[in-house]
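Visitor: As a plain string of letters, each chain reads:
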Amino acid sequence: MNDYTISLNDNKHNLKILSNNKIELNGANFDVELSQLSKSVFLLKVNNRVYQVTSNKNNSENYSFTIAGYSYNVTVRTNLEEKANDYLKNKAKESGSEIIKSPMPGLIVKILKKVGDNVQMGEPILLLEAMKMENEIRASASGIVKSISAKENSSVEKGESLLEIG
Amino acid sequence: MIKKILIANRGEIAVRIAKACTEMKITSVAVYSEADKYSLHVRVADEAYHIGNSVASDSYLNGDKIIELAKNIGADAIHPGYGFLSENANFIKKCENAGIIFIGPSSKSVEMMGDKTRARTLMKQNNVPIVPGTTEGISTYEEAKSVALEIGLPVMLKASAGGGGKGMRKIEHIDDLKQAIDSAKNEAKKAFGNDTVYIEKFIENPKHIEVQILADKHGNYLHLFERDCSIQRRHQKVVEEAPAFTLTPKLRAKVTLAAVNAAKACNYYNAGTIEFLFDQKESFYFLEMNTRLQVEHPVTELITGIDLVKEQIKIAQGDKLTIKQEDIKILGHAIECRIYAEDVDANFAPSTGKILHHRLPSGPGIRVDRGIDIHSDVSVYYDPMLSKVITFGRDRNEAIARMIRSLEEYQIVGVTTNIHAFHWILNNPLFLNGNFDINFIDNKFIKLLPGKWKTELDDKYENIAVILAALLKDKDSKTKPFKRECKPENQWGKSSYE
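Protein chains in written order, with numbering that gives the first Met the number 0: chain A, 0 to 165; chain B, 0 to 497.
Treat each hint with caution, since some may be false.
Sample of chain A residues facing chain B (criterion: CB under 10 Å; computed from the structure) [unchecked claim]:
| # | residue |
| --- | --- |
| 1 | 1 |
| 2 | 43 |
| 3 | 55 |
| 4 | 86 |
| 5 | 96 |
| 6 | 98 |
Derived DMTMM-like pairs: lysine to aspartate or glutamate, alpha-carbon spacing no greater than 20 Å straight-line [unchecked claim]:
| # | chain 1 | residue 1 | chain 2 | residue 2 |
| --- | --- | --- | --- | --- |
| 7 | A | 100 | B | 344 |
| 8 | A | 21 | B | 461 |
| 9 | B | 249 | B | 325 |
| 10 | B | 474 | A | 133 |
| 11 | A | 56 | B | 461 |
| 12 | A | 11 | B | 458 |
| 13 | A | 21 | B | 473 |
| 14 | B | 236 | A | 133 |
| 15 | B | 189 | A | 2 |
| 16 | A | 44 | B | 408 |
| 17 | A | 38 | B | 325 |
| 18 | A | 15 | B | 461 |
| 19 | B | 474 | A | 156 |
| 20 | A | 38 | B | 475 |
| 21 | A | 157 | B | 376 |
| 22 | A | 109 | B | 186 |
| 23 | B | 474 | A | 32 |
| 24 | B | 474 | A | 30 |
| 25 | B | 451 | A | 30 |
| 26 | A | 56 | B | 325 |
| 27 | A | 11 | B | 473 |
| 28 | B | 165 | A | 133 |
| 29 | A | 157 | B | 408 |
No wet-lab data here; the hints were simulated from the structure.
Predicted, not measured: the structure shown is a model, and the values here were computed from it.
Every residue, glycine too, gets a C-beta built ideally from N, C-alpha and C.
Using the sequences provided together with the hints, build the complete structure.
Guide: Spelled out as structure tokens, the structure:
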């Protein structure tokens, strides 16, 4: 008996695994059957329909799927993990800082904000050049720029911290 | 007769050209950079040569190296594809001097069309309508001011040597003109080494419609009807279709005639495209001429049944066009979606990685031109376009239905793609009824980022994703109880107790 909380597009779903081939999702029961075709391809039968799904495991709790051309980024946690995560999130809110990371490898062309500047969520904060194109990196939170670790004309890796908003 | 073609390009277009070579029994030669070792174009060509580092200037843009290689391996022609060296008049001259056939126009035609003010003058002289404005560079602020006021605000400043939006400014207030001219000139100087800028009237919410041309070296000119390429983001086309279904037969006749006149004006031979802007009042204006094969050429191939790459090769070796204008008919409707490695919700940020899984769509009316296959790399060095899905139907509705089906079937793992977002476009009422212009994505889609556009789609698979996530997590995280294998025949296990 395992209980999971699944987050998808700002919605949370509760799922219970009842047996090998039965689950309960948000109160309704489904017959399921899963087979793996290759490292990234699965066949999932739900009741009477079979879906061929591609999957990319991003980490132990986050998956990217595509189903019939629709893409999904899904976070799945056991109910215990979910509680621990909520607790950590609240703590982070108290200290209130958000670190902007580079979404791709590239070259920092221009930093549009200085330490101490006010930023609104969604506002461009720096320009990153990758694949011949300039990309605007936008703030994922509102607040004041606490520190900037990115440097103009230097290259960054994917996931590298660029700037902290507090 | 051309016997061996060096393809000076990469990605899907290099693959496309190699396929035409195979059909014509011509030896195809691929060139590749360090980053493209595992790319598909290297796998499909008859011969493949490594030409340098990943940076394009060391490889695909290194014209001297490419001509040298062509000479050494006995290639009699070079096909430039699109981008890279395809519209480089100097490179074409070098090919001409080295006695290698350039599969494209003469360097003279490219020069005539490459300079925007020169092209505008030429078009005006040949009865091709141009956007109202100057046909020469601006020399004084006073002159610029009087021109701007005469044609009416808003106006655009554009660089004569321009492209890619560099040196371009929109002016809404006359007081901003002086400063805009200074900064546009500065930007143009930096980008192109030429600070000539000119003024054009700003066309409000136009459609981008372009005409496909074929011309041989014997003065024969054909048009292959038009394409509507209004669905663009960041001035890059994402969906193209042929024909432009909102065009009346009368306008179609007018614009295709203008396009043929434009090609004649620069003594053009090869396949070429004349781009026009159509305003809301059914007037159209010359935008520019692309003196090469276009990314979106397959939609024209599907509606006319003519293989443009093979025609290019035949024209280059001096053959006369055998097709007659009256025999070219619109046989149906075709749509193309450009599949990019990008994260739409991260403001279209490019995505890199290795292709781990690739399942192509198939069935009636479907064509995929691709540059990727299993284990090819999508690197930071080049354009993030992975492939193009092109569908054909008896009418637009059938082409769209087939496109939606194709995008449901198409699977790519290893990079993030824009496939999902096409479902939003293809289901949008404005797209379906033709009420769109070049600002469609900017005005209607961008404001729904990140993620909100998904809520406008009927989501049929959310539950499936949720169930799969839980089952995979459950499968991976199950703590398996330790089981000691101790079968009767396991002597080692037995003896430890005996």
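Visitor: Against this structure, judge whether each hint is valid.
Guide: Each hint tested on the structure:
no., hint, in the structure
1, 1, "holds (6 Å)"
2, 43, "holds (5 Å)"
3, 55, "holds (6 Å)"
4, 86, "violated (20 Å)"
5, 96, "violated (21 Å)"
6, 98, "violated (16 Å)"
7, 100/A with 344/B, "holds (15 Å)"
8, 21/A with 461/B, "holds (18 Å)"
9, 249/B with 325/B, "holds (16 Å)"
10, 474/B with 133/A, "violated (41 Å)"
11, 56/A with 461/B, "holds (17 Å)"
12, 11/A with 458/B, "holds (16 Å)"
13, 21/A with 473/B, "holds (13 Å)"
14, 236/B with 133/A, "holds (17 Å)"
15, 189/B with 2/A, "violated (61 Å)"
16, 44/A with 408/B, "holds (17 Å)"
17, 38/A with 325/B, "violated (54 Å)"
18, 15/A with 461/B, "holds (17 Å)"
19, 474/B with 156/A, "violated (32 Å)"
20, 38/A with 475/B, "holds (13 Å)"
21, 157/A with 376/B, "holds (16 Å)"
22, 109/A with 186/B, "holds (16 Å)"
23, 474/B with 32/A, "holds (12 Å)"
24, 474/B with 30/A, "holds (17 Å)"
25, 451/B with 30/A, "violated (31 Å)"
26, 56/A with 325/B, "violated (56 Å)"
27, 11/A with 473/B, "holds (17 Å)"
28, 165/B with 133/A, "holds (12 Å)"
29, 157/A with 408/B, "violated (30 Å)"
Going down the numbered hints, you'll see the structure goes against 4, 5, 6, 10, 15, 17, 19, 25, 26 and 29, while the others check out.
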